[in-house]
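S.K.: For this one, chain A is given, so just place chain B on it according to the hints.
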Amino acid sequence: MANTQGISGVAKQAAMSAILDGKTLKGALYLVSATTGPTNTAYTATGEVSGTNYSAGGVSVTNANTAGLTSTTAYWTPSASITFTTVTLATAFDSLMLYSTTDANRNLGVFTFGSQTVTAGTLTLTMPTNDSSTGLVRFA
Amino acid sequence: MSDPIFTTRGYLPADRVELRKSVTEDGSARYHRTDKFDRVDGAWVGNDLHIELKASLPLFGETGQFS
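Chains as they are written, first to last, in the working numbering: chain A, 8 to 147; chain B, 48 to 114.
Bound conformation, chain A alone:
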């Protein structure tokens, strides 16, 4: 049996755990016209949506899951849907930044989806199944 090269699963899990486990997280929405992405180091108000009942900085993200590991893939997903209640966001938006207020608003990731608007309604983002195949954040 030959030796194999690769970063260990436990190392990936430890790295993911360091930035996610027990952290206070928030999610902010961004306009289609914004240029937010992985190069942002922290939450930014530039390009963020605005509207009735939307507060700058977005909403809290429930974080009861800890980084999981299956084989050599570490994974993590918020433990509840992310909800913006009774908002009006009339200018099209298409992304959510997940960031950690525990760590100076560190940008954890930007998730894009199709362009949307909401008027006098509730926006709910439902998470995928938290496992090594579909978890929202995966370190493969």
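Hint data in this document are derived by calculation from the structure and do not stem from the laboratory. This one's a predicted model, so the numbers in the text were calculated from it and none came from an experiment. Just so it is clear, CB atoms sit at the ideal spot from N, CA and C, and this is done for glycine as well. Any given hint could turn out to be false.
Said to hold, decoys possible - Here are the computed lysine-lysine pairs in the BS3-like style, where the Cα-Cα straight-line distance is at most 25 Å:
id, chain 1, residue 1, chain 2, residue 2
1, A, LYS30, B, LYS68
2, A, LYS33, B, LYS101
3, B, LYS101, B, LYS68
Said to hold, decoys possible - What follows is a list of derived Cβ distance ranges for each label pair:
id, chain 1, residue 1, chain 2, residue 2, range
4, A, ALA21, B, ARG56, 46 to 54 Å
5, A, ALA97, B, PRO51, 20 to 28 Å
6, A, ILE26, B, ASP88, 34 to 42 Å
M.R.: This is chain B only, laid out in the frame that chain A set:
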């Protein structure tokens, strides 16, 4: 009795608001949109949106080579 529904006209009784649902999908997510209409005059009075995220952010750990 159902809870009142939030609209551009404030909270309206549930039986006054017609809900029309539609579902679309792309590679990133499935979108469940509910458009709200006031039965009094048929006016559109807002929409709810439920986005089921599908796409995760895979981060690939790669190793280099000793030189």
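S.K.: Next pair to validate is B/LYS101 with B/LYS68; report whether the Cα-Cα distance is within 25 Å.
M.R.: With a Cα-Cα distance of about 20 Å, the restraint between B/LYS101 and B/LYS68 holds, given a limit of 25 Å.
S.K.: Please verify whether A/LYS30 and B/LYS68 have alpha carbons no more than 25 Å apart.
M.R.: Violated - the C-alpha atoms of B/LYS68 and A/LYS30 are around 36 Å apart, more than 25 Å.
S.K.: Could one say that the CB atoms of A/ILE26 and B/ASP88 fall in the range 34 to 42 Å?
M.R.: violated, 52 Å
S.K.: Taking 25 Å as the top limit, are the C-alpha atoms of A/LYS33 and B/LYS101 close enough?
M.R.: holds, 20 Å
S.K.: Indicate whether the distance between the beta carbons of A/ALA97 and B/PRO51 respects the range 20 to 28 Å.
M.R.: Since the Cβ atoms of A/ALA97 and B/PRO51 sit about 22 Å apart, the hinted range of 20 to 28 Å holds.
S.K.: Assuming the hint says 46 to 54 Å, is it satisfied by the Cβ distance from A/ALA21 to B/ARG56 or not?
M.R.: At 53 Å between Cβs, range holds.
When held up to the earlier numbered hints, the structure conflicts with 1 and 6 and fits the remainder.
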